[in-house]
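Can you build the whole structure from these sequences, using the hints too?
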Amino acid sequence: MFSNFFIKGFRDACGIPLIGLGLSMFTFGVYLKSSEFNLIQSFLSTFFAFALPGQFIMVESLISGANLLNIFFAVLFTNARLLPMTMNIIPTFKDKKINKISYYIICHFIAVTAWVNYLAIYKKVSINNRYYYFVGLSATLWIGSVLFTILGFLLSSLFSHEILIGLVFFNPMYFLLMTIRNLINLKLKMVFFLSILLTPLLYMILNDWGIIISGLVSGSISYFIFRKKKYE
Amino acid sequence: MNENIYIAILLSSIATYLCRVTGVIFSKKLSVDSNFFNWIECISMGIIISVISKIIFFPEGILLESTINSRVTTILVLLIIFFISKKNILFSLILSTIFFILVNKLDTNLLYF
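Chains as they are written, first to last, in the working numbering: chain Y, -3 to 228; chain U, 44 to 156.
I should point out that these hints are in silico values taken from the structure, not numbers from a laboratory.
Treat the numbers as computed from the prediction; the structure is a model and nothing was measured.
The beta carbon of each residue, even a glycine, is placed where N, CA and C say it ideally should be.
One should not assume that every hint holds.
[Claimed, not checked] Computed from the model, here is a short list of chain U residues facing chain Y with C-beta under 8 Å:
no. : residue
1   : 56
2   : 60
3   : 62
4   : 64
5   : 80
6   : 86
7   : 89
8   : 94
9   : 95
10  : 97
11  : 135
12  : 143
[Stated by the list, open to error] Derived CB-CB ranges, DEER-like:
no. : chain 1 : residue 1 : chain 2 : residue 2 : range
13  : U       : 75        : Y       : 224       : 17 to 23 Å
14  : U       : 75        : Y       : 147       : 35 to 41 Å
15  : U       : 145       : Y       : 94        : 46 to 52 Å
16  : Y       : 11        : U       : 100       : 24 to 30 Å
[As the list claims (entries may be wrong)] Rough simulated footprint, nothing fancy, chain U against chain Y, three-plus residues with beta-carbon under 8 Å:
no. : segment
17  : 57 to 71
18  : 155 to 163
Given below as structure tokens:
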């Protein structure tokens, strides 16, 4: 039954993935409060513009007095990574039985946490059930993010600054471990090491473009080297 | 400022959705068995690692108040615990987060000393 896989996705989200993402969203809520956003604005931010780096850029740009057009393009470039991630996820569960319009709805849930967790498991789920699994997993993470943002906004005074800094670092550490777990072949291991080396260099030269270009270059080099080799 | 916040949220939502919806449109005829899909898989992985690397070396927001030493040392400790504990993610994360809070406090105090 598809609903079983929706529930399985929900259950898989309700552990470390939701804790990791939730802690980051919690501190984002604290940040919104200190940036003079109100509760409704905090809610709307995560509900509609769900992708943390872009949300941070939006707030920072607003505070620094950037105009609205600059904010649009800053968020667009910061979130450009979502394009290949979506292209990496949607084809894995394409099914003629699924209404095509639903892809345009569920793509809103695609973000790094859902992506790393889904990639770690999707090959073990039959094609017919992957869609339901992904919706269960990613929608839970999205709803959880909205709730944690609100909690952060409301409970901002309860945590010391040092603890908040520590909690924010939980999520990148979690991304790192999940990514390492997904390095199942030499090709992906090469992507990992090339990207780790290239990113600091390219970021110093090109700022945010350095992130996209580093991923593009390291991914392309590894792909072309291992294209015809058996590496598994 | 207040009205601008609502417009900024609207524009950010459109920009974010645009990135995702373009991915849906481009993936319409994409097959998981194609070379192009494999290439996209490599690029996605590369970009995610870039994002993680950027957060560690050039963070934004509240993490700017931590030192590079504390972040890099914590990542090394995280990896050591992860492999020693036979890839136990929760255990590695909890210990490393505690380590990060302590070492960051110590490091910041030393800077001001």
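To see whether the hints hold, each was checked on the structure:
no. : hint                        : result
1   : 56                          : holds, 4 Å
2   : 60                          : holds, 7 Å
3   : 62                          : holds, 4 Å
4   : 64                          : holds, 6 Å
5   : 80                          : holds, 6 Å
6   : 86                          : holds, 4 Å
7   : 89                          : holds, 3 Å
8   : 94                          : holds, 6 Å
9   : 95                          : holds, 5 Å
10  : 97                          : holds, 5 Å
11  : 135                         : holds, 6 Å
12  : 143                         : holds, 5 Å
13  : 75(U) to 224(Y): 17 to 23 Å : holds, 19 Å
14  : 75(U) to 147(Y): 35 to 41 Å : holds, 38 Å
15  : 145(U) to 94(Y): 46 to 52 Å : holds, 49 Å
16  : 11(Y) to 100(U): 24 to 30 Å : holds, 29 Å
17  : 57 to 71                    : holds (count 7)
18  : 155 to 163                  : holds (count 7)
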